[in-house]
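For the sequence shown, this note's numbering assigns the number 8 to the initial residue and increments by one for each residue that follows.
Because the hints were derived from the structure by calculation, they are not lab data.
Warning: the hint list may mix true and false statements.
Claimed, not checked - Here are the simulated PhoX-like pairs of lysine-lysine, each with C-alpha atoms no more than 20 Å apart in a straight line:
1. K25 to K64
2. K54 to K85
3. K85 to K102
4. K171 to K25
5. K54 to K175
6. K171 to K54
7. K102 to K25
8. K102 to K62
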Amino acid sequence: MPQLLSDIDSYTGHIIVKLGLLFLCYTFVRTNELRFMEWSEIDWNDKIWRIPADKMKMDRPHIVPLAPQVIDILQQIKELNFSERYVFYNPSTRKPYSQNAFINALYQMGYKYRMTGHGFRGLASTTLHEQGFMHEAIELQLAHEQENKISKAYNGAQHLDYRKDMMKRWAAYIDADI
8 MPQLLSDIDS YTGHIIVKLG LLFLCYTFVR TNELRFMEWS EIDWNDKIWR
58 IPADKMKMDR PHIVPLAPQV IDILQQIKEL NFSERYVFYN PSTRKPYSQN
108 AFINALYQMG YKYRMTGHGF RGLASTTLHE QGFMHEAIEL QLAHEQENKI
158 SKAYNGAQHL DYRKDMMKRW AAYIDADI
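Using the sequences and the hints, build the whole thing.
Written out as C-alpha coordinates, the structure is:
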(Lines of atoms letter the chains of each structure in order from A and count residues from 1; the text may use other names and numbers.)
(Lines give C-alpha, C1' and ligand atoms only; values in the text may rest on other atoms or scores of the structure.)
Protein backbone atom coordinates (compact mmCIF):
# COMPACT_ATOMS: atom_id res chain seq x y z
CA MET A 1 0.00 0.00 0.00
CA PRO A 2 2.78 2.53 0.66
CA GLN A 3 3.93 2.24 -2.98
CA LEU A 4 0.38 2.66 -4.30
CA LEU A 5 -0.14 5.77 -2.18
CA SER A 6 3.20 7.18 -3.31
CA ASP A 7 2.27 6.54 -6.93
CA ILE A 8 -1.11 8.25 -6.50
CA ASP A 9 0.65 11.19 -4.87
CA SER A 10 3.00 11.42 -7.87
CA TYR A 11 0.22 10.99 -10.46
CA THR A 12 0.44 13.75 -13.08
CA GLY A 13 -2.96 13.28 -14.75
CA HIS A 14 -6.00 15.44 -14.03
CA ILE A 15 -6.16 16.65 -10.43
CA ILE A 16 -9.77 15.47 -10.00
CA VAL A 17 -8.78 11.91 -10.95
CA LYS A 18 -5.87 12.02 -8.52
CA LEU A 19 -8.10 13.35 -5.72
CA GLY A 20 -10.71 10.75 -6.66
CA LEU A 21 -8.21 7.93 -6.19
CA LEU A 22 -7.27 9.32 -2.79
CA PHE A 23 -10.97 9.66 -1.95
CA LEU A 24 -11.52 6.01 -2.88
CA CYS A 25 -8.62 5.02 -0.67
CA TYR A 26 -9.89 6.98 2.34
CA THR A 27 -13.59 6.06 1.98
CA PHE A 28 -13.53 2.76 0.05
CA VAL A 29 -16.87 3.52 -1.58
CA ARG A 30 -17.82 1.99 -4.92
CA THR A 31 -16.53 3.86 -7.96
CA ASN A 32 -20.06 4.63 -9.20
CA GLU A 33 -20.97 6.15 -5.84
CA LEU A 34 -17.89 8.36 -6.10
CA ARG A 35 -18.53 9.33 -9.72
CA PHE A 36 -22.06 10.57 -9.11
CA MET A 37 -21.42 12.21 -5.74
CA GLU A 38 -23.19 15.55 -5.48
CA TRP A 39 -22.28 18.56 -3.37
CA SER A 40 -25.80 18.61 -1.91
CA GLU A 41 -25.21 15.16 -0.33
CA ILE A 42 -22.39 16.39 1.90
CA ASP A 43 -23.21 17.40 5.45
CA TRP A 44 -20.26 19.68 6.18
CA ASN A 45 -21.27 20.18 9.84
CA ASP A 46 -21.54 16.49 10.74
CA LYS A 47 -18.78 15.55 8.29
CA ILE A 48 -20.79 12.84 6.58
CA TRP A 49 -21.87 12.05 3.05
CA ARG A 50 -25.48 10.90 2.73
CA ILE A 51 -25.86 8.82 -0.41
CA PRO A 52 -29.50 8.46 -1.51
CA ALA A 53 -30.94 4.97 -1.98
CA ASP A 54 -31.33 5.36 -5.75
CA LYS A 55 -27.54 5.70 -6.09
CA MET A 56 -26.74 2.62 -4.03
CA LYS A 57 -26.30 -0.96 -5.24
CA MET A 58 -28.59 -2.26 -2.47
CA ASP A 59 -31.17 0.48 -3.06
CA ARG A 60 -31.03 1.87 0.47
CA PRO A 61 -29.51 5.13 1.73
CA HIS A 62 -25.94 5.01 2.96
CA ILE A 63 -23.94 7.23 5.31
CA VAL A 64 -20.20 7.69 4.81
CA PRO A 65 -18.32 9.36 7.68
CA LEU A 66 -15.72 11.78 6.32
CA ALA A 67 -12.36 11.96 8.05
CA PRO A 68 -10.60 15.35 8.12
CA GLN A 69 -8.38 14.25 5.22
CA VAL A 70 -11.47 13.60 3.10
CA ILE A 71 -12.94 16.98 3.99
CA ASP A 72 -9.64 18.49 2.83
CA ILE A 73 -9.94 16.66 -0.52
CA LEU A 74 -13.49 17.94 -0.94
CA GLN A 75 -12.41 21.50 -0.16
CA GLN A 76 -9.62 21.26 -2.76
CA ILE A 77 -12.13 20.12 -5.37
CA LYS A 78 -14.65 22.80 -4.38
CA GLU A 79 -12.00 25.50 -4.89
CA LEU A 80 -11.56 24.32 -8.50
CA ASN A 81 -15.22 25.25 -9.05
CA PHE A 82 -15.80 22.87 -11.98
CA SER A 83 -19.40 22.02 -11.13
CA GLU A 84 -22.11 23.26 -8.82
CA ARG A 85 -23.70 19.81 -8.81
CA TYR A 86 -21.14 17.00 -9.15
CA VAL A 87 -17.99 16.63 -7.07
CA PHE A 88 -15.98 14.45 -9.49
CA TYR A 89 -16.88 16.43 -12.59
CA ASN A 90 -14.92 16.35 -15.81
CA PRO A 91 -14.83 19.88 -17.25
CA SER A 92 -13.80 18.50 -20.67
CA THR A 93 -16.85 16.29 -21.13
CA ARG A 94 -19.14 18.42 -18.92
CA LYS A 95 -20.33 15.39 -16.93
CA PRO A 96 -19.01 13.22 -14.09
CA TYR A 97 -15.79 11.35 -14.77
CA SER A 98 -16.22 7.90 -16.28
CA GLN A 99 -15.26 4.78 -14.39
CA ASN A 100 -12.49 4.29 -16.94
CA ALA A 101 -10.79 7.52 -15.86
CA PHE A 102 -9.92 6.01 -12.49
CA ILE A 103 -9.01 2.54 -13.76
CA ASN A 104 -6.89 4.04 -16.56
CA ALA A 105 -5.03 6.18 -14.04
CA LEU A 106 -4.21 3.04 -12.05
CA TYR A 107 -3.08 1.33 -15.26
CA GLN A 108 -0.87 4.32 -16.16
CA MET A 109 0.77 3.98 -12.75
CA GLY A 110 1.55 0.31 -13.47
CA TYR A 111 -1.32 -1.36 -11.60
CA LYS A 112 -3.01 -3.13 -14.50
CA TYR A 113 -4.34 -6.48 -13.23
CA ARG A 114 -3.13 -5.51 -9.74
CA MET A 115 -5.53 -2.80 -8.56
CA THR A 116 -8.95 -1.41 -9.44
CA GLY A 117 -11.29 1.12 -7.89
CA HIS A 118 -13.06 -1.80 -6.23
CA GLY A 119 -9.70 -3.03 -4.94
CA PHE A 120 -9.64 -0.21 -2.38
CA ARG A 121 -12.68 -1.87 -0.75
CA GLY A 122 -10.95 -5.22 -0.34
CA LEU A 123 -7.78 -3.58 0.90
CA ALA A 124 -9.67 -1.58 3.53
CA SER A 125 -11.84 -4.52 4.63
CA THR A 126 -8.88 -6.85 5.06
CA THR A 127 -6.77 -4.28 6.90
CA LEU A 128 -9.58 -3.11 9.21
CA HIS A 129 -10.44 -6.71 10.09
CA GLU A 130 -6.77 -7.43 10.81
CA GLN A 131 -6.68 -4.35 13.05
CA GLY A 132 -9.57 -5.77 15.09
CA PHE A 133 -12.40 -3.44 14.07
CA MET A 134 -15.94 -4.73 14.49
CA HIS A 135 -17.02 -6.85 11.50
CA GLU A 136 -20.54 -5.40 11.45
CA ALA A 137 -19.22 -1.83 11.30
CA ILE A 138 -16.87 -2.68 8.43
CA GLU A 139 -19.72 -4.33 6.53
CA LEU A 140 -21.95 -1.31 7.18
CA GLN A 141 -19.20 0.96 5.89
CA LEU A 142 -18.91 -1.16 2.77
CA ALA A 143 -22.71 -0.94 2.36
CA HIS A 144 -22.97 -4.71 2.18
CA GLU A 145 -26.29 -6.47 2.49
CA GLN A 146 -26.94 -8.18 5.82
CA GLU A 147 -26.94 -11.94 5.35
CA ASN A 148 -29.83 -12.63 7.69
CA LYS A 149 -33.09 -11.23 6.26
CA ILE A 150 -34.82 -11.25 9.65
CA SER A 151 -31.94 -9.34 11.24
CA LYS A 152 -32.03 -6.92 8.32
CA ALA A 153 -35.72 -6.28 8.87
CA TYR A 154 -35.36 -5.55 12.57
CA ASN A 155 -31.84 -4.18 12.98
CA GLY A 156 -31.47 -0.59 11.82
CA ALA A 157 -28.26 0.05 13.76
CA GLN A 158 -25.71 2.16 11.92
CA HIS A 159 -22.93 2.25 14.56
CA LEU A 160 -22.26 5.74 13.26
CA ASP A 161 -20.10 6.98 16.16
CA TYR A 162 -18.01 3.81 15.98
CA ARG A 163 -17.72 4.13 12.19
CA LYS A 164 -16.69 7.79 12.44
CA ASP A 165 -13.88 6.77 14.77
CA MET A 166 -12.96 3.81 12.54
CA MET A 167 -12.76 6.05 9.48
CA LYS A 168 -10.56 8.59 11.30
CA ARG A 169 -8.24 5.77 12.34
CA TRP A 170 -8.25 4.37 8.81
CA ALA A 171 -7.29 7.80 7.44
CA ALA A 172 -4.48 8.09 9.99
CA TYR A 173 -3.27 4.62 8.99
CA ILE A 174 -3.20 5.67 5.33
CA ASP A 175 -1.37 8.90 6.18
CA ALA A 176 1.26 6.89 8.04
CA ASP A 177 1.93 5.01 4.78
CA ILE A 178 2.20 8.10 2.58
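Checked hints:
For the hint pairing K25 with K64, the CA-to-CA distance comes to about 24 Å; that exceeds 20 Å, so the pair is violated. Of the pairs offered as hints, the one joining K54 and K85 holds, with about 15 Å between alpha carbons and a cut-off of 20 Å not exceeded. Between K85 and K102, the direct Cα distance comes to roughly 16 Å. Compliance with the 20 Å bound is thereby established for this hinted pair. Between K171 and K25 the alpha-carbon distance is near 24 Å, which puts this suggested pair outside the 20 Å criterion.
Our distance criterion of 20 Å between C-alpha atoms is met by K54 and K175, whose separation comes to about 11 Å. Between K171 and K54 the CA atoms are separated by roughly 9 Å; this keeps the pair inside 20 Å, and the hint holds. For the suggested pair K102 and K25, the alpha carbons sit about 17 Å apart, so the restraint of at most 20 Å is met. Between K102 and K62 the alpha-carbon distance is near 16 Å, which keeps this suggested pair within the 20 Å criterion.
Hints 1 and 4, counting from the list given before, are not met by this structure.
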